[in-house]
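Take these sequences, add in the hints, and give me the full structure.
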Amino acid sequence: AKADDAIMADGAPKVAGTKAKAAEDGKELPPWEKYFKVNGHFAKMGNFVHTLAYQTDDRRVLVVVPHPMHVDLGAMSRAVQKDPKTFKKRKLKEIADETGFPTFVCTPFGFPKDKQGRTPVLLVDSCVTEFKKPLLFDCGSIGLSIPVTEFLRSTGAACVEGLAKDPNSKAPAEAKEAPSPPAAPAPADAASPEPAPEPAP
Numbered sequence: 001a002k003a004d005d006a007i008m009a010d011g012a013p014k015v016a017g018t019k020a021k022a023a024e025d026g027k028e029l030p031p032w033e034k035y036f037k038v039n040g041h042f043a044k045m046g047n048f049v050h051t052l053a054y055q056t057d058d059r060r061v062l063v064v065v066p067h068p069m070h071v072d073l074g075a076m077s078r079a080v081q082k083d084p085k086t087f088k089k090r091k092l093k094e095i096a097d098e099t100g101f102p103t104f105v106c107t108p109f110g111f112p113k114d115k116q117g118r119t120p121v122l123l124v125d126s127c128v129t130e131f132k133k134p135l136l137f138d139c140g141s142i143g144l145s146i147p148v149t150e151f152l153r154s155t156g157a158a159c160v161e162g163l164a165k166d167p168n169s170k171a172p173a174e175a176k177e178a179p180s181p182p183a184a185p186a187p188a189d190a191a192s193p194e195p196a197p198e199p200a201p
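In terms of the working numbering, the sequence shown has 86 at position 86, counting the first letter as 1, and numbering is strictly consecutive.
Watch out, some of these pointers could steer you wrong.
Stated by the list, open to error - Computed beta-carbon distance windows for the label pairs:
| no. | residue 1 | residue 2 | range |
| --- | --- | --- | --- |
| 1 | 150 | 78 | 26 to 32 Å |
| 2 | 169 | 89 | 37 to 43 Å |
| 3 | 30 | 78 | 16 to 22 Å |
Claimed, not checked - Cut-off 16 Å, straight-line C-alpha distance, at most; resulting in silico cross-link-like pairs (EDC-like, lysine to aspartate or glutamate):
| no. | residue 1 | residue 2 |
| --- | --- | --- |
| 4 | 133 | 150 |
| 5 | 115 | 130 |
| 6 | 113 | 97 |
| 7 | 88 | 58 |
| 8 | 85 | 58 |
| 9 | 89 | 58 |
| 10 | 113 | 94 |
| 11 | 89 | 57 |
| 12 | 113 | 98 |
| 13 | 113 | 58 |
| 14 | 82 | 57 |
| 15 | 88 | 130 |
| 16 | 132 | 150 |
| 17 | 82 | 98 |
| 18 | 44 | 33 |
| 19 | 115 | 161 |
| 20 | 85 | 130 |
| 21 | 115 | 58 |
These are calculated hints, taken from the structure and not from any lab test. Note that the coordinates shown come from a computational prediction; the quantities given were computed from them, not determined experimentally. Note that beta-carbon positions come from the ideal geometry of N, C-alpha and C, so glycine has one too.
Here it is, written out as structure tokens:
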């Protein structure tokens with residue numbers, strides 16, 4: 001419903017056309033397609049990535065992969081040196097309570113230290129080092145665009161080869177820059193993206 005409201009803010013005629021086409025096709029747009037349709041003015045600026053949060057034993061692990069890639073559990077477990085069976089994806093409400101961010105928002109920063117005074121382990125797929133455009137993060141009410149080198153410098157994220165995998169294949173993701181989605185005209189008074197749907201595992 002929130003995404004629909006955001007689309008209406010961009011212009012009622014566009015929404016009417018979108019809904020009419022969806023009605024003709026007999027189905028609604030998938031959440032991510034709807035997100036990029038609404039936020040094309042933001043998504044075209046760089047490479048959209050998403051962050052996923054895991055818990056393994058007593059350590060929290062954050063993983064950054066390009067959209068729409070999934071996380072390779074084997075690569076993640078080897079990087080952290082933990083048994084793959086111990087990894088559990090964290091719940092959205094748990095993340096929101098811990099960070100204070102809106103539900104569905106998971107960023108690679110803003111997490112408090114654990115009882116041992118440790119910040120979460122932060123991993124990023126090494127393919128991002130080949131990106132020429134900035135990394136784009138959805139932070140709920142704002143969108144963050146940050147150059148790859150600055151992201152790595154400021155967060156201390158560890159690059160892991162093969163961390164991202166194609167959701168349609170068991171093979172590791174190829175190191176290539178993700179194409180920008182079709183741009184939608186940005187309204188003059190809307191510079192922030194709408195919240196992203198929940199990332200896939």
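Requested in this report: Give me the numbers of the hints this structure contradicts, sorted from smallest to largest.
Outcome: 2, 3, 5, 15, 17, 19 and 20
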